[in-house]
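Chemist: Each chain, written out:
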Amino acid sequence: GENVEQHPSTLSVQEGDSAVIKCTYSDSASNYFPWYKQELGKGPQLIIDIRSNVGEKKDQRIAVTLNKTAKHFSLHITETQPEDSAVYFCAASIGVGRDDKIIFGKGTRLHILP
Amino acid sequence: GAGVSQTPSNKVTEKGKYVELRCDPISGHTALYWYRQSLGQGPEFLIYFQGTGAADDSGLPNDRFFAVRPEGSVSTLKIQRTERGDSAVYLCASSSTWSGNEQFFGPGTRLTVL
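Line by line, the protein sequences give chains A and B.
Quick note: the first sequence uses this note's numbering, first residue 1, plus one each step.
Quick note: the second sequence uses this note's numbering, first residue 1, plus one each step.
Read the hints as simulated data drawn from the structure, not as lab findings.
Straight-line distance between alpha carbons at most 25 angstroms, and here's what the computed SDA-like set of lysine to any residue pairs gives:
(1) Lys42/A / Val113/B
(2) Lys106/A / Arg84/B
(3) Lys71/A / Leu11/A
(4) Lys42/A / Glu20/B
(5) Lys106/A / Leu39/B
(6) Lys37/A / Gly59/B
(7) Lys22/A / Lys101/A
(8) Lys101/A / Ala55/B
(9) Lys106/A / Glu56/A
(10) Lys101/A / Leu21/B
(11) Lys58/A / Gln81/A
(12) Lys101/A / Ala2/B
(13) Lys78/B / Leu39/B
(14) Lys15/B / Ser38/B
(15) Lys57/A / Glu79/A
(16) Lys106/A / Asp59/A
(17) Lys57/A / Glu102/B
(18) Lys78/B / Asp100/A
(19) Lys22/A / Pro8/A
(20) Lys22/A / Glu2/A
(21) Lys11/B / Leu114/B
(22) Lys101/A / Gln50/B
(23) Lys42/A / Ser12/A
(24) Lys78/B / Glu20/B
(25) Lys37/A / Val89/B
(26) Lys106/A / Gly40/B
(27) Lys71/A / His7/A
(28) Lys37/A / Ser96/B
(29) Lys22/A / Lys106/A
(30) Lys106/A / Asp57/B
Chain A is faced by these chain B residues, among others (derived, beta-carbon under 10 angstroms):
(31) Gly3
(32) Ser58
(33) Gly59
(34) Leu91
(35) Cys92
(36) Ala93
(37) Phe105
(38) Gly108
Glycine included, C-beta positions come from ideal geometry on N, C-alpha and C.
Looking at chain A on its own, in the form it has when it is part of the complex:
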């Protein structure tokens, strides 16, 4: 079945440095790729998303890139801050013409070191 692979599972980054999280997906029909941040005891919160008609999207310190040919997409966080510490999930829509049903990767626990 369809799946989303996410790496690394844990990432420690010095404050101020950049963090990169990578995901691959299996469904060639996927066209919507959201990224979520989850803090302890809370539900996931959307931080950025990208659709298959663009290759890159940026929002302040956060950027996402998409390579449809290779079926992989990445999250880049620059100038990391302590409040960036959380679990990050990538996700991909499944099914032709759908962006409502999404499947998630297993998550990356990001630690920002002081």
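Since the structure of chain A is already known, use the hints to place chain B on it.
Modeler: The following block gives chain B in isolation, referenced to the frame of chain A:
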């Protein structure tokens, strides 16, 4: 404004018992989703409602799980004859076409089956 709310926040039950988990979506959101999140994993899709009807229930693990949304707003996830393996955080999310189909998550209900 008010986000997605879920009650109870925690539920402890004994094996074999019946439980109901409630989700109040954001007012006006027509789509509602249930996910299950086990420790160290990403959210796993269970069921998706569009209005009152279940548009996709392919993620429900077996017939012990059932969900309703009788008036197109509040939804209840029902689990019969609970098993220890049902222990997880159950997340609810809602979305609407006028919010770009972004899924807004509630804080979840942590279910523990003893």
